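Construct the entire structure; sequences and hints are all you get.
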Amino acid sequence: MSASAPDIAIRTNGLSRAFGSVRAVEDLTIDVPAGSIYGFLGPNGAGKTTTIRLLLGLLEPSAGEARVLGHDVRTQSQAIREQAGVLLESDGLYTRLTAMQNLDYFGRISRLSAADRRQRIQDLLTAMGLWDRRDGRVADFSTGMRQKLALARAFLHRPKLLFLDEPTSGLDTPSAVALRRQLVALARDEGVTVFLTTHNLLEAEKVCDRVAVIRRGLLLAEGSPKEFHGGRSRCVSILGRGFTDALVVRIRDLAAVEGAALESGPHGVEGVGRVLVDLASGGDPAPVVRLLVEAGADVTSVESARESLEDIFLKLVEEGEEEGMIA
Amino acid sequence: MTDILTVARKELREIVGGGSGRKGLFRELFFVFLFGVFFPLSQSEAWRSGAMPTVFVFMIPLFLAGPYVADTFAGEKERKTLETLLATRLPDSSVYLGKIFAVCTYAWAVTQLIVLASMVALNVVDGADGWFVYPPAVWAAALIGSYASALLISGIGTFISLRSETVRAAHQAMMLPLFVLIFGGSFGIGALWRALPVETQLSLIEWASGVSPLEGILGIVALLLLVDVFLLRLGIRRFRRSKLIAG
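Those sequence lines, one after another, are chains E and D.
Each residue of the first sequence is one higher than the one before, starting from 1 at the first, in the working numbering.
Each residue of the second sequence is one higher than the one before, starting from 1 at the first, in the working numbering.
Hints in this document: simulated from the structure, not taken from any laboratory.
No experiment lies behind these values; they were computed from the predicted model shown.
Where hints are given, some of them may not hold.
[Said to hold, decoys possible] Chain D stretches covered by chain E per the calculated footprint, using a threshold of three residues with CB under 8 Å from any CB of chain E: (1) 84-94; (2) 234-246.
[What the hints assert, rightly or not] Okay, the calculated beta carbon distance ranges per label pair: (3) Ser169/E x Arg240/D: 28 to 34 Å; (4) Leu113/D x Asp123/E: 38 to 44 Å; (5) Asp123/E x Ala109/D: 19 to 25 Å; (6) Arg163/D x Ser142/E: 32 to 38 Å; (7) Gln172/D x Asp123/E: 43 to 49 Å; (8) Gln119/E x Pro213/D: 53 to 59 Å; (9) Val120/D x Thr143/E: 48 to 54 Å; (10) Phe33/D x Gln122/E: 39 to 45 Å; (11) Leu223/D x Gly129/E: 29 to 35 Å; (12) Gly129/E x Gln172/D: 40 to 46 Å; (13) Arg163/D x Phe19/E: 17 to 23 Å.
Think of the CB as a built atom: it goes at the ideal place given N, C-alpha and C, for glycine as much as any other residue.
Structure follows, in structure tokens:
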């Protein structure tokens with residue numbers, strides 16, 4: 001693998017890590033563009049945390065290679081950690097120390113000058129709404145306050161790369177929204193690369209430039225949220241009267257249609273039914289509407305029922321599950 | 001060195017004030033009262049002769065450093081702060097040595113307080129013959145012997161602490177080396193002495209009679225320091241990020 005180009009913050013090639021017979025990460029090959037927000041999604045035990053540990057040089061790969069900010073994870077991990085800010089599964093705060101003492105410790109570790117350290121701590125604690133609690137012991141903080149403090153610690157030394165494991169967990173909605181905005185601003189304005197793991201798929205869809213889905217250590221899919229949607233079928237919801245099972249069978253026979261189902265149940269108005277149609281990639285709903293109208297049905301609305309990233313994620317994981325079961 | 005001091009500073013803050021607060025202060029005051037006032041006044045002659053304080057300054061750091069060294073590694077694992085610390089730029093050796101340095105410095109400082117308190121107590125109770133000051137051998141033992149002793153238990157404790165998942169497990173496991181060092185030291189040396197042939201005992205007594213107490217103390221400290229250096233080197237080799245994270 002050649003040295004990473006400056007526009008690639010993280011490049012892995014066949015990166016693998018096994019614990020005995022358990023393969024936590026297997027043959028992972030990804031490129032994370034510098035200054036982007038990269039979502040790393042997967043169910044519990046998928047290998048997300050192991051991947052972060054490998055990229056930080058906290059674990060040695062069993063096979064493959066990775067370069068982070070141009071540094072080899074095997075031989076130059078200290079240089080990586082120097083430029084990375086982290087928020088891991090656990091907030092890693094010293095509960096017997098105050099908020100100020102926690103940040104001061106990590107500021108000293110990062111060798112910030114005394115003046116810069118003081119200013120930076122004040123700015124971050126103020127931004128996180130914790131300045132008034134700076135001398136409070138972390139043991140007395142709520143989960144949300146601890147999460148904010150841990151985030152402040154991750155931002156403290158102005159890292160070029162942020163590894164954030166579930167950064168909005170424990171935060172209230174306004175704080176989570178503010179954090180997302182802050183992450184987007186960091187990436188866009190300061191060129192900080194954010195490697196983000198999350199279970200909140202709406203969050204990934206909102207902030208991530210690229211998304212990877214991992215399951216049992218294997219990369220299932222990777223691309224921008226748009227590519228995720230574009231590469232898959234499109235769901236269309238058609239509302240109207242006179243929809244029958246026979247019509248749905250005829251819709252399924254259309255070339256652009258991958259599937260169709262008549263949804264039973266009330267839709268607000270008596271006699272109104274809904275047909276859900278899965279169109280192939282790039283498919284047009286017009287032939288479906290034409291067929292319905294020509295058959296005498298009354299179409300009142302056609303809406304794109306775009307799959308959420310959550311639906312796609314679940315499908316990917318289920319597909320992976322089935323493949324794994326077959327294998 | 002800056003990194004070691006940074007880690008040590010935070011550890012000392014947690015040991016002395018940050019966490020344990022009044023409870024921690026009470027512990028130190030108890031030790032100072034017990035070893036610095038109660039024992040010296042109960043056996044003032046033995047303390048004035050210099051033999052008893054010499055034994056105590058080697059022994060007290062074991063009690064003081066032992067629990068904290070157990071806490072410093074197993075505690076970080078249990079409280080899940082170790083991984084975040086290891087994800088920083090700090091070299092492995094700085095984290096390890098910073099923690100050891102903090103624990104030993106704490107044990108050493110409290111030992112000095114105890115020595116000073118005992119001297120004051122002896123003078124207050126019986127100061128008729130003028131101001132009593134410990135002989136140089138006691139000061140040598142206090143100033144460098146106590147640190148060597150703290151390093152010894154810290155070196156041993158590191159291995160126990162790194163292998164323990166919880167602080168409680170580490171504390172329990174620390175009891176064995178503490179017993180071995182304290183009781184093994186006194187009973188073991190006595191048993192070894194009795195096992196020696198009489199001729200060897202006599203030649204050792206003859207050799208020892210030519211050695212001053214200060215030289216004797218310095219010899220013991222030198223031996224301890226050799227063992228300490230060996231243990232610290234082993235500890236540095238064992239304290240590796242990849243090993244700690246992989247379990």
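Discussion item. Of the numbered hints stated earlier in the document, which are not met by this structure?
Written reply: 5 and 11
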